[in-house]
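J.: The residues making up each chain are set out below.
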Amino acid sequence: MDILQSGTGELIQPFDLDEFREWNRTQKSRKLIDKRMSEQEAVSRFVYDGCYIGTELYGTVRAPMSLAREVVRQGKKDLRVCGQGVLELDLWLAAGLVKKLDITYIGLEVYGTSSALRRAVESGQVEKCVEWSNGAITWRMKAAAMGVPFLPTRSMLGTDTLCYSAAKVVEDPFTGIKVALLPALVLDVALIHVHRADKYGNCQIEGISGFAAEMARACKRLIISTEEIVPTEEIRRYPDRTIIPYFLVDAVVHAPYGSYPGEMAYIYGRDEPAIKEWVDMSRTGEDAKEYLDKYVYSVKDHGEYLKLIGEERLQRCVELREKRD
Amino acid sequence: MDILQSGTGELIQPFDLDEFREWNRTQKSRKLIDKRMSEQEAVSRFVYDGCYIGTELYGTVRAPMSLAREVVRQGKKDLRVCGQGVLELDLWLAAGLVKKLDITYIGLEVYGTSSALRRAVESGQVEKCVEWSNGAITWRMKAAAMGVPFLPTRSMLGTDTLCYSAAKVVEDPFTGIKVALLPALVLDVALIHVHRADKYGNCQIEGISGFAAEMARACKRLIISTEEIVPTEEIRRYPDRTIIPYFLVDAVVHAPYGSYPGEMAYIYGRDEPAIKEWVDMSRTGEDAKEYLDKYVYSVKDHGEYLKLIGEERLQRCVELREKRD
Amino acid sequence: MSDQTYSKNELMICVAARLFEDGATCFIGTGIPMLAAMLAAKTTAPNLVPVFEFGGTGAIMEELPRAVGEARTWHKGISALGICDTMETAQRGFIDYGFLGGAQIDPYGNLNSITIGEHDHPRARLPGSGGGNDVGSHCWQTVAIMQHDARRFVPKTDCVTTPGYLTGPGAREAAGLPRNTGPAYVVSTLALMDFDPESRRMRLKATHPGVSVEEVLAATGFELLIPEQVEITAPPSAEELRLLREEIDPERLYI
Amino acid sequence: MSDQTYSKNELMICVAARLFEDGATCFIGTGIPMLAAMLAAKTTAPNLVPVFEFGGTGAIMEELPRAVGEARTWHKGISALGICDTMETAQRGFIDYGFLGGAQIDPYGNLNSITIGEHDHPRARLPGSGGGNDVGSHCWQTVAIMQHDARRFVPKTDCVTTPGYLTGPGAREAAGLPRNTGPAYVVSTLALMDFDPESRRMRLKATHPGVSVEEVLAATGFELLIPEQVEITAPPSAEELRLLREEIDPERLYI
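Chains as they are written, first to last, in our numbering: chain C, 7 to 331; chain Y, 7 to 331; chain A, -18 to 236; chain G, -18 to 236.
These are calculated hints, taken from the structure and not from any lab test. Idealized CB from N, CA, C, for every residue including glycine. Hints should not be assumed to be uniformly reliable.
Computed cross-link-like contacts, DSBU-like style, restricted to lysine-lysine with a CA-CA straight-line distance of at most 35 Å [as the list claims (entries may be wrong)]:
(1) Lys137(A) with Lys184(C)
(2) Lys105(Y) with Lys134(Y)
(3) Lys205(C) with Lys23(G)
(4) Lys174(C) with Lys34(Y)
(5) Lys57(G) with Lys57(A)
(6) Lys313(C) with Lys83(C)
(7) Lys83(Y) with Lys295(Y)
(8) Lys184(C) with Lys106(Y)
(9) Lys282(Y) with Lys23(G)
(10) Lys(-11)(A) with Lys137(A)
(11) Lys137(G) with Lys106(Y)
Computed footprint of chain Y on chain G, listed as stretches where at least three residues anywhere in the stretch have a Cβ under 8 Å from a Cβ of chain Y [what the hints assert, rightly or not]:
(12) 27 to 38
(13) 106 to 119
(14) 134 to 143
Construct the complete structure from the given sequences, taking the supplied hints into account.
T.: Below, the structure is given as structure tokens:
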């Protein structure tokens, strides 16, 4: 089982499984502790300059937008960032917070490529882009979540994506096929937005789970924002819905409309004009700064942000929500 | 990444991922086809002498007992069987159907070791026992479900479990730790019992999911038995509960009390005296045969079996069910 | 012939939609593939099973999704699980078709969506490999949808980020990619292309109405194979256009 | 001293229950560990987090589970997922304690639960490695619960199916098992044992009431380390017995 090929990309977040185990033993309490706090407190306690950080799902769907804005507001810098994103990572890129990227896709989906990404990378402000596929980056988190050093895949083979990654190609000792081994990814901090959580951090999600289960199990610190805080009894009534148990969680932030201007299935739909506003403003660095000034720096927290957006607009999003007939 | 150690156990179900992919392309329709059939038809169409077969979960909990009895009734033989079981595998062992075992645990839980297993193995009737841990056998299915040839684990290292398995130990090329590589397990046939399914095979489960998701994705043929057949609209209302989508499924058998004498969370509890009856009768080959005569061979199907058990007993189990307050 | 006018996007959507086999599973990415899938589901492929990478399978697409994780991607769906489920379903051989895009494509159907210029100091940073690499690796057949010009149809892409036939016959298998997979079609603003089964090189199959073979060749930066018979794609029908404009994309996000 | 009589199982359950640290996560197998966990939850460890291998985490154990997948193992629980979730949670270092059993145990705490005699032609076929191997590999500390006699406490087990300290100091790490893990205690019908931190060999910690050190040694097929001070385990209290008999196992499945 020789190494047939090694990607030349940097492993920008090296890992040690025994050290991760020790962290999980000593830094993650199994006690039911009230972890509710403001987004200011959560971000200032757990996000730090230079940390390796990731956000779950995609900027317009169940994304931790209120937390992402708070990271910008507190100006955490030199971030090493995990992969895929739309609005949330775009804000960080535009604010100049990102130093290195394990990148899979950063763009504006319907609205095309990301100008913020282009500026940040082409100017050299982002020092390093290590390439992965969407599947691969999730499997890297899944490896960490499983407590194993790598997972094999048949993605990425034969491409420059592999060349610019930190994966390694080997021959499977059972059947002789080639597979790419993806190194585990243990994030320093992860941000995940959910439908409901109790004060201890037990979380439940409606609809697709994206990569919440994997990311929550692949990080040293986990900040949850939630549309609703529910009594623990409600969690215990449907334990088969608890995708994230409390002992994985470090902070629970109550954030109604936390995914706005993106959507939250069954609660509110997306605000298309608000998304387009970023699409337009992000085209130039100057306009992007103006946007950040208006929507991030000049409001002190998510509550003030929602006041700026206004009840009427939010209500319109509620009307546009996905419904269970 | 040399092979540091190889288990001496036989890989009793060799696999070829490209062949499995081809099977999934050509033998598993994506069309919505009514797959309802009797247990007789399902077992006679999809289970065959010498096939590699597995049952999901454990003989007293959401186990496909009605299907397991039908396999005995039809006398399918020389079965190669996947691992862990209580009543369901005990019946097969007692009926002399099993030739080879990828064994993790076969026993009677509370009631101790399995006499049927002892007789079958010590007499040489079961020709081969290849050893795995419970985690390992599930990860083997998970490997197949992921479409990869192996998964690494830190289980089994340093033990004779590994020596008598078909795992291989290698050094992780990223961090240098040792891991055991578990070969993918692609079953010929899997039997899974669920709370509800539609006629196409979309399945939903309440409570723990055991290894249903993994096994359903790691087999060439999948027979589902279900407490209830529901309209597809009900499935589509809660797509986030569909752990097994229809295109994985080959047969849908309506089997109320299909897990009896075991339990089905929220529907019925277990029948302790009925379980004890097998515990007692299975102590000798003769008594075990008598039990099989009474409860399997002399009834023509699951419907007749339920009549033999009687409404009153079944109703008592319903009263003992787990409830959501 | 239709007497209606239509946009290039409308035509590409219609041509792509007609490629969907009824009852097949298809990995659907953002944009034109979504419109094509909706159009197919309303016309020739009512039993189409759309799969969206973040977990939605078998949705009934009543409204156009604008993101691959939106609730519309699992609306009245069969299952709504996570990205591992869909990617592993593809890796296991359960996804028949995948739709792809990119900034550049080469004669073997390889796509580039990461950088133009040197990777570490790019002239243009593109979005990244995304799910495209996984789709191109695992789906049985892929269809690329591209603007057609010589800057995009290039002899050699700056990077290969989604595998086509790589360097030619046997190259996918040699790299370890699943057997019998690869690009089937390219739908462009000018034409429909397929791939020669021997050489694995891109081949013109049909030109769009009003486009000459010469125009296609001029807009292609490599030698495109030309078969003896070049078909002409059927223009959007009135019904296709009505569906697109009234039911599928009434807000005109794409058309 | 209690003036009540009690069974050997009742004593073992009480001794095991007192080992549970409050607020710790514990992998609970069928049988005595379940009773011990319930007793602990009702006495000294109200914040105990039981984990059952087929997916139940954090159940409020109101009734004694008789199987590791029963609904009682996730009754009012925190989560009810699958076996991969619990095993991977252990592999990731989140499970503090695990309870184990076996047919044989050796001085290093290695357990055998697959075969007595030659593996391929065994004199006795035992249930198999089960979850025990995973628990013994990944939990931070393990506690074995055993009948105490010289056929079970052997110098060398016929097979090692759940890893203890293997061949002694450093052997677990050399085999690749997670750092700083291993057996902590053995609760038997005669005594409570721990392991010498230097030699990793089993050591008598306390004898049960009325049992002499000599009796323990006579029932142990290898040289058991004897410290200068051997404690005596406290007998079951009246309250412990009441809880066991009235609340935990009123049907007397185990006691």
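J.: Would you check the hint for Lys83(Y) and Lys295(Y), treating anything up to 35 Å between C-alpha atoms as holding?
T.: holds (16 Å)
J.: What's the verdict on Lys205(C) and Lys23(G), does the C-alpha distance respect the 35 Å limit or exceed it?
T.: holds (24 Å)
J.: Would you check chain Y against the segment 106 to 119 of chain G, counting CB to CB pairs closer than 8 Å, and say if three or more residues qualify?
T.: holds (count 12)
J.: Okay, the segment 27 to 38 of chain G and chain Y, do three or more residues pass the C-beta test at under 8 Å?
T.: With 4 residues closer than 8 Å to chain Y, the segment 27 to 38 of chain G meets the three-residue bar; holds.
J.: Does Lys57(A) lie within 35 Å of Lys57(G) when you go C-alpha to C-alpha?
T.: Distance of about 30 Å is within 35 Å: holds.
J.: Does Lys106(Y) sit within 35 Å of Lys184(C), going by the straight-line distance between their CA atoms?
T.: Judged against 35 Å, a Cα distance of about 30 Å means the pair holds.
J.: So if I understand the rule, the pair passes when the alpha-carbon distance is 35 Å or less; does Lys282(Y) with Lys23(G) pass?
T.: holds (29 Å)
J.: Are the Cα positions of Lys137(A) and Lys184(C) separated by 35 Å at most?
T.: holds (25 Å)
J.: Given the hinted pair Lys137(G) and Lys106(Y), is their alpha-carbon gap at most 35 Å?
T.: At roughly 28 Å apart (the allowed maximum being 35 Å), Lys106(Y) and Lys137(G) satisfy the hint.
J.: Could you grab the alpha-carbon distance between Lys313(C) and Lys83(C) and see if it respects the 35 Å cut-off?
T.: holds (28 Å)
J.: Using a Cβ cutoff of 8 Å, are there at least 3 residues of the segment 134 to 143 of chain G near chain Y, or does the coverage claim fail?
T.: With 4 residues close enough to chain Y, the hint holds.
J.: Need the status of pair Lys105(Y), Lys134(Y): alpha-carbon distance at most 35 Å?
T.: holds (7 Å)
The structure is consistent with each of the numbered hints, conforming to all of them.
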